[in-house]
Amino acid sequence: MAAECEGGPAAPGDPEETQPCAVEQAVPGEGASPCLPEHAEEPAETQAIKRFLKEDSEEAELAQFLKEFPSGESFRKVELEEGKRAHGQGPVDPGVFSSVAQPIADELLDEKELRPFSRPRPLDFQQHIAAPAPLSPSRPRSPWGKLDPYDSSEDDKEYVGFATLPNQVHRKSVKKGFDFTLMVAGESGLGKSTLVNSLFLTDMYRDRKLLSAEERITQTVEITKHVVDIEEKGVKLRLTIVDTPGFGDAVNNTECWKPVADYIDQQFEQYFRDESGLNRKNIQDNRVHCCLYFISPFGHGLRPLDVEFMRALHQRVNIVPILAKADTLTPSEVERKKSKIREEIEHYGIRIYQFPECDSDEDEDFKLQDQALKESIPFAVIGSNTVVEAKGRRVRGRLYPWGIVEVENPAHCDFVKLRTMLVKTHMQDLKDVTRETHYENYRAQCIQSMTRMVVKERNRNKLTRESGTDFPIPAIPAVPDSETEKLIREKDEELRRMQEMLQKIQRQMKDSH
Amino acid sequence: MEGQPVQPAPEETPRNTNPANVGLELFGYVGIEAVLDQMRIKTMKTGFEFNLMVVGQSGLGKSTMVNTLFKSKVSRKPTGPGYEEHIPKTVQLQSVTHIIEEKGVKMKLTVTDTPGFGDQINNENCWDPIIKYINEQYEKYLREEILISRKRKIPDTRVHSCVYFVPPTGHWLRPLDLEFMRRLSKIVNVVPVIAKADTLTLEERAEFKQRIQKDLKAHGISVYPQEDFDDNPDDRILNDKIRDKIPFAVVGADKEHQVNGKRVLGRKTKWGIIEVENPAHCEFPLLRDLLIRSHLQDLKDITHNVHYESYRVQRLNESNRLALSPVNGLLGKDEVESDL
Numbered sequence: 001m002a003a004e005c006e007g008g009p010a011a012p013g014d015p016e017e018t019q020p021c022a023v024e025q026a027v028p029g030e031g032a033s034p035c036l037p038e039h040a041e042e043p044a045e046t047q048a049i050k051r052f053l054k055e056d057s058e059e060a061e062l063a064q065f066l067k068e069f070p071s072g073e074s075f076r077k078v079e080l081e082e083g084k085r086a087h088g089q090g091p092v093d094p095g096v097f098s099s100v101a102q103p104i105a106d107e108l109l110d111e112k113e114l115r116p117f118s119r120p121r122p123l124d125f126q127q128h129i130a131a132p133a134p135l136s137p138s139r140p141r142s143p144w145g146k147l148d149p150y151d152s153s154e155d156d157k158e159y160v161g162f163a164t165l166p167n168q169v170h171r172k173s174v175k176k177g178f179d180f181t182l183m184v185a186g187e188s189g190l191g192k193s194t195l196v197n198s199l200f201l202t203d204m205y206r207d208r209k210l211l212s213a214e215e216r217i218t219q220t221v222e223i224t225k226h227v228v229d230i231e232e233k234g235v236k237l238r239l240t241i242v243d244t245p246g247f248g249d250a251v252n253n254t255e256c257w258k259p260v261a262d263y264i265d266q267q268f269e270q271y272f273r274d275e276s277g278l279n280r281k282n283i284q285d286n287r288v289h290c291c292l293y294f295i296s297p298f299g300h301g302l303r304p305l306d307v308e309f310m311r312a313l314h315q316r317v318n319i320v321p322i323l324a325k326a327d328t329l330t331p332s333e334v335e336r337k338k339s340k341i342r343e344e345i346e347h348y349g350i351r352i353y354q355f356p357e358c359d360s361d362e363d364e365d366f367k368l369q370d371q372a373l374k375e376s377i378p379f380a381v382i383g384s385n386t387v388v389e390a391k392g393r394r395v396r397g398r399l400y401p402w403g404i405v406e407v408e409n410p411a412h413c414d415f416v417k418l419r420t421m422l423v424k425t426h427m428q429d430l431k432d433v434t435r436e437t438h439y440e441n442y443r444a445q446c447i448q449s450m451t452r453m454v455v456k457e458r459n460r461n462k463l464t465r466e467s468g469t470d471f472p473i474p475a476i477p478a479v480p481d482s483e484t485e486k487l488i489r490e491k492d493e494e495l496r497r498m499q500e501m502l503q504k505i506q507r508q509m510k511d512s513h
Numbered sequence: 001m002e003g004q005p006v007q008p009a010p011e012e013t014p015r016n017t018n019p020a021n022v023g024l025e026l027f028g029y030v031g032i033e034a035v036l037d038q039m040r041i042k043t044m045k046t047g048f049e050f051n052l053m054v055v056g057q058s059g060l061g062k063s064t065m066v067n068t069l070f071k072s073k074v075s076r077k078p079t080g081p082g083y084e085e086h087i088p089k090t091v092q093l094q095s096v097t098h099i100i101e102e103k104g105v106k107m108k109l110t111v112t113d114t115p116g117f118g119d120q121i122n123n124e125n126c127w128d129p130i131i132k133y134i135n136e137q138y139e140k141y142l143r144e145e146i147l148i149s150r151k152r153k154i155p156d157t158r159v160h161s162c163v164y165f166v167p168p169t170g171h172w173l174r175p176l177d178l179e180f181m182r183r184l185s186k187i188v189n190v191v192p193v194i195a196k197a198d199t200l201t202l203e204e205r206a207e208f209k210q211r212i213q214k215d216l217k218a219h220g221i222s223v224y225p226q227e228d229f230d231d232n233p234d235d236r237i238l239n240d241k242i243r244d245k246i247p248f249a250v251v252g253a254d255k256e257h258q259v260n261g262k263r264v265l266g267r268k269t270k271w272g273i274i275e276v277e278n279p280a281h282c283e284f285p286l287l288r289d290l291l292i293r294s295h296l297q298d299l300k301d302i303t304h305n306v307h308y309e310s311y312r313v314q315r316l317n318e319s320n321r322l323a324l325s326p327v328n329g330l331l332g333k334d335e336v337e338s339d340l
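Chains G and R supply the protein sequences, listed in that same order. Residue numbering for the first sequence follows the UniProt record's numbering, starting at 1 and increasing by one per position. Residue numbering for the second sequence follows the UniProt record's numbering, starting at 1 and increasing by one per position.
Just so you know, the hints here were simulated from the structure itself, not pulled from any lab data. Mixed in with the good hints there might be a few duds.
[To be verified] When the alpha-carbon atoms are kept at most 25 Å apart in a straight line, the in silico DSS-like pairs for lysine-lysine are as follows:
no. : chain 1 : residue 1 : chain 2 : residue 2
1   : R       : 45        : R       : 108
2   : R       : 241       : R       : 255
3   : G       : 340       : R       : 108
4   : R       : 108       : G       : 417
5   : G       : 417       : R       : 270
Sequences are here, hints too, so could you generate the full structure?
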């Protein structure tokens, strides 16, 4: 037993091996990625586990329950069978569990639904079966119940006990709920609202009023926000959709992306302030995690406006290009346009959101899917607010005199791929990239410009270097640049608190120069 | 009418003043109707001229539509597979002329395309090159007309019809569309069409058309067929029917597919074949009938009688004012008024 589970808690002598795994799980809100080193061991042990599990139906029931609840954001599924299918596409593909979960009846599922859990290591099954003794009286009743990885008196003595960390993290994040901010941009009439409604199966734009002719002539770009709370299988998601009506509609569209860029920067600034502030308990994260940019299918590839918009925003937000209203194109036209757009994106040096590379130990299926996903950029989508009858089934689609277009048919459009990517597989990654890359870039720039101003002020005032605590009081009238003065004034509170950090950065900057 | 061999009897002169009296008998076969034959033979020999301009953003299917209309590759778009479209920085006008023949009737067709229209970020005044071009053609004709020794048949390069392609957003007309149509409906016959209409379902199409018609009315834009130029009640009824359907929702295609054993022009998608010439699918047959089969001569007439005349009046007024203003300012104004 011990020999088969290298790296697991079975080897008490080397706790370091388990360390990286636990640390990875300890970061809150990152419940989506399970312990990767674990995964490596699983396939090797499949055979052993299968043997055990087939005999014990209780274990198999557990496995089924685990399959339905991947650790991380699960989402409301359109059809149940799709959910089961889609689950297999996730990066956390539990090849182990799905293979043994087949013979389970559905009614066993319900009683398990309320309990949070994590995916215990395969080792745990073996241990559970090997030592089915009841809990030792010396041990308090574990909050994890059946899912507790340690469930025997032997474990108590030998193990430290932090293999429950995944459970803890997951429960916390499920209680807290997730949030996601999605921005949709593009000319009007490309089906943005319809697509948002189709993606999240809600009707966000019910009360939308279309403007009259006179109002439209003087319309400028606005930014509107709709917030929707969705709950599915106990997991709460707060979804914010940022819309940009008026983009690209005027005769003169110069700089019409400026309001959009300003909005994104504002959200970053807000978060920066909150993060550097004193009370950090309830920070609202309104940063835009993903921007769906709609490209018109009527042109020949990207228009000048598309290029300018994407270039202005690719450093600030994850851009996912979308080929809108794809039911106007034949399959060969779709292919041609996609490759043209991909070429142009590369030609203009636009950095759209890149899917993370899959690990070399993922199975072939997943790798193929990932490859297919990468090659479908930009996604050719069709949205629909109506349900029509097609071949006896009721589907979301559009009814034409010459046929019915089904939104969720992968042969008709890439809607399913987009939804899978956005919601089921890459939502966490989008948030991570926003947090780690875009926000950090913004923050570094902000701090650099602030320190430059501070240094300038200092030099101007000829203060001594040791008095780092003395920040330039903005009452000095000699400052020619009113903008920097205002900024300094605003940041005064935070700067006082952050002075050590700033000094460190300054020193680093000086070293690197 | 020199061919009348019989002198009308004195009691029959009222015929000339009473057009309702058609049924008065002639004593024999006069041969009046032969005029039609003479005209026909003459026009077949000289042929027709028709100048069409297509305007719209790139990628809306203008060239394909023209090819479909005339069932031949008349547009500027070459048909090679590796053809790359690039968007020019300013609006350029390119004219292609072809002579096509059908059943002995020759037609000299000129198609003027406007690549680069509406494609830039700042599209202000992108209609200026187009207006300039149209006025230049009028100017050319005018110059020929006021020569002392005129040609027998003045070459007619004036634009008879401008087909404007509206993108099928399904919502409303964009400010660019409104500005363009407002300016151009004053100098040329504008026929708006909804391009790539296979992206709209039938309900969406109807709604979109309603909104467009409302918009056009709200801005005072009169597109072809204009209401002011209906000559008689029959025309009015016919044109009203057409006006209900403006703008036509069209789909263009230059490939043929098999449907029910017949070869039809259409677009083949995974969910069906869109037949271009099927009135249940799109309104391309209506557009074709309007432009070619029924109203082609009307388009030319209105261009000649209305748009060209107003240009001419304007030009003559200008030159009058220039000629007379330094000396007889008042006199110039009187002459201007009498001209009008």
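Verification of the hints:
{"no.": "1", "hint": "45/R - 108/R", "result": "holds, 12 Å"}
{"no.": "2", "hint": "241/R - 255/R", "result": "violated, 31 Å"}
{"no.": "3", "hint": "340/G - 108/R", "result": "violated, 37 Å"}
{"no.": "4", "hint": "108/R - 417/G", "result": "violated, 51 Å"}
{"no.": "5", "hint": "417/G - 270/R", "result": "holds, 18 Å"}
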